[in-house]
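Asks: Sequence:
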Amino acid sequence: MTGATREIAASEVPGAHPRARALDYLSLTRPKVLLLVLFTVPAALLVGHAVLPGPGVVLGVLAGTALVGGGCGALNAWWEREPDAKMQRTADRPLPAGRIPPGRALAFGIVISLAGLAVLQVAGGTLATGLGAASLVHYLVVYTIWLKPRTAQAVVIGGLSGAAAPLIADAAVDGVIGPWGLVLFAIIFVWQPPHFWAIALYRREDYEAAGFPMLPSVIGETATRRRMLAWALALIPVALLPWWGGVCGPAYGSVALLGGVAFAADIVRSQRDARGGPQRLPHVDHLPLRALRGDARRGAAALTGVASAGPRCWVCESTDTREWRAGKPIGELRSQDLRITDSRYGLTLPLSICGRCGFRFADAAEVAKLEALYADLDDPGYEGSQESRRLQMRHLVALAGRLHPEARSALDVGAASGLLVAEASRAGLDAAGVEPSRALVRVARAQNGVDLLCGVLPHPDLEARHFDVVFLVDVLEHVADPVGLLALCANRLAAGGLLIVVTPDFSSLAARLLGTRCWHYRLAHVGCFDRRSLGIALERAGLHAGHWQRARWFFPVGYLAERLEAYLPVAWLNRLAARVPALRWLWARVVPLNLRDSHVVTARRSA
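Okay, so the sequence shown: first residue is 1 according to the working numbering, each after it adds one.
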């Protein structure tokens, strides 16, 4: 029976049993392929994120991705119904067999695709929906209609849409695509070509009959197996990335390594098998699921709402907390461990994470030991880099002037050597500052002509004073009661006053890429904020957040080059710069820097 005859027959055949018809429609969605795609969604949603999505988001993203994926399958089946009729493997599918009319299959595919995009919009947001729509268009137009009938490379290029599910899920968590989503995407993308070329080897005659130029027909079976082996070997380091990046533990690393080796070994064995391609493929597609199982306690808590009992979160007071980082042995704590210019990146106290707001924080008892050391802190490196840091303070004072042009007074909490107080005074503000370090208070007086109050808030000399602007620059991450400190700052605001907070963003791209090796992970940083946890802290302190932007810094090239020694072998270059006049001149140049790794947020007292 020809394709046209089947279509006519399908429209004339009386209705089949409802259950059989339902199963036929279900088969249009390619449920086996769909399950493989959906395996990656929980891993992308529940692993590698500081804040876990709620059950509604998890179920919504799963449903939306399933509907969009099923729509892709149904529309692909509608478009390829005639080639499918020529292939033994697909001849009994509902469309070529005449059990579903093409028009109804087309309508079914369109409806569930649009429904899936609508569900993704509600559950995951605009970026997740956009990625779902892009994968749908890419699969149908670029892969199915354009490439598949024309080139053997369609399998590789089509893999972009086949691997999109973890990107959609990752974007649904916080509106951005992070490294974890990209890693899962890479694992599925690299796995797909050897998997589908294995099917093409086994069904070579089928694909030739349908007119699809699959790789075995174009370059031969031996060359195809060699290419499969190359991709399988490339998969091994890609699959190990979650372990290398610290997202998954050694159990995952072992499974990924053994699975990758087994996958490659199957292909090698198939080269000796005259009957065709490899018949057994290891379940490399299950590796993201294994990664999720490696963090099962966290995922279960998110999905069931059962909170673990841990230390109380400093921001939202939840006890749904757990150990996030064990920290490293450092011996007895000393005041120099708190230096602003400390470059021992990645050295922290043990940190816990809150499952409700994502805030990461140290043990309160350890923090109390650190806070007692601030009075004896000195920082010669900071004193030597004051002129470039002065530009940053000038920038913040200018921001305050734009946002609160009527301001006449300012307070800097945690004023260090008084640079911001000096710049505020130069701008015509009646400025004061409070700083716990006695050494830095002396530097402020000697080098910057500023008399700071020595101590912390609340300070007896400030109890009767209120200020139009209060600055809290790189202080909030140093204290064990950030909400309390924000409330104390709010109490110092005059009517209509403005609080300006600067603090590292521990969900920034730099922090995501570098993990705990990021320069913001230091002993002195005992509380790690992202935008959500910082917003909650402000709200609980009786403040309403207004203007958000990224911090801009100014540093000499040489200062930055010294910091790069923590990541790159550039110590020799810094030594050379000390001896070569041209490099010494370059090393002294001050450059503006915005790595988008710190928040600047303004807030006012809530009505």
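Treat the hints loosely; a few may be bogus.
Lysine to any residue pairs mimicking SDA-like chemistry, simulated, CA-CA at most 20 Å apart [said to hold, decoys possible]:
(1) Lys369 / Leu258
(2) Lys32 / Ala118
(3) Lys369 / Gln336
(4) Lys369 / Gly381
DEER-style ranges, computed between Cβ atoms [as the list claims (entries may be wrong)]:
(5) Glu208 / Glu323: 52 to 60 Å
(6) Leu560 / Lys32: 35 to 43 Å
(7) Arg269 / Arg596: 44 to 52 Å
(8) Arg465 / Arg540: 36 to 44 Å
(9) Trp585 / Val218: 56 to 64 Å
(10) Arg269 / Val570: 27 to 35 Å
(11) Arg596 / Pro350: 53 to 61 Å
(12) Asn594 / Ile219: 46 to 54 Å
(13) Lys32 / Ile157: 21 to 29 Å
(14) Ile219 / Ala107: 35 to 43 Å
(15) Arg312 / Trp146: 50 to 58 Å
(16) Ile157 / Ala427: 52 to 60 Å
Since the hints were made in silico from the structure, they are not lab data.
Keep in mind that this is a model prediction, so the values were computed, not measured.
We put the beta carbon where it would ideally sit given N, CA and C, even for glycine.
Asks: A separate judgement is required for each hint: does it hold in the structure or not?
Replies: Here's how the hints hold up against the structure:
| no. | hint | result |
| --- | --- | --- |
| 1 | Lys369 / Leu258 | violated (46 Å) |
| 2 | Lys32 / Ala118 | violated (23 Å) |
| 3 | Lys369 / Gln336 | holds (13 Å) |
| 4 | Lys369 / Gly381 | violated (23 Å) |
| 5 | Glu208 / Glu323: 52 to 60 Å | holds (57 Å) |
| 6 | Leu560 / Lys32: 35 to 43 Å | violated (52 Å) |
| 7 | Arg269 / Arg596: 44 to 52 Å | holds (49 Å) |
| 8 | Arg465 / Arg540: 36 to 44 Å | violated (24 Å) |
| 9 | Trp585 / Val218: 56 to 64 Å | holds (59 Å) |
| 10 | Arg269 / Val570: 27 to 35 Å | violated (47 Å) |
| 11 | Arg596 / Pro350: 53 to 61 Å | violated (28 Å) |
| 12 | Asn594 / Ile219: 46 to 54 Å | holds (49 Å) |
| 13 | Lys32 / Ile157: 21 to 29 Å | holds (22 Å) |
| 14 | Ile219 / Ala107: 35 to 43 Å | holds (40 Å) |
| 15 | Arg312 / Trp146: 50 to 58 Å | holds (57 Å) |
| 16 | Ile157 / Ala427: 52 to 60 Å | holds (57 Å) |
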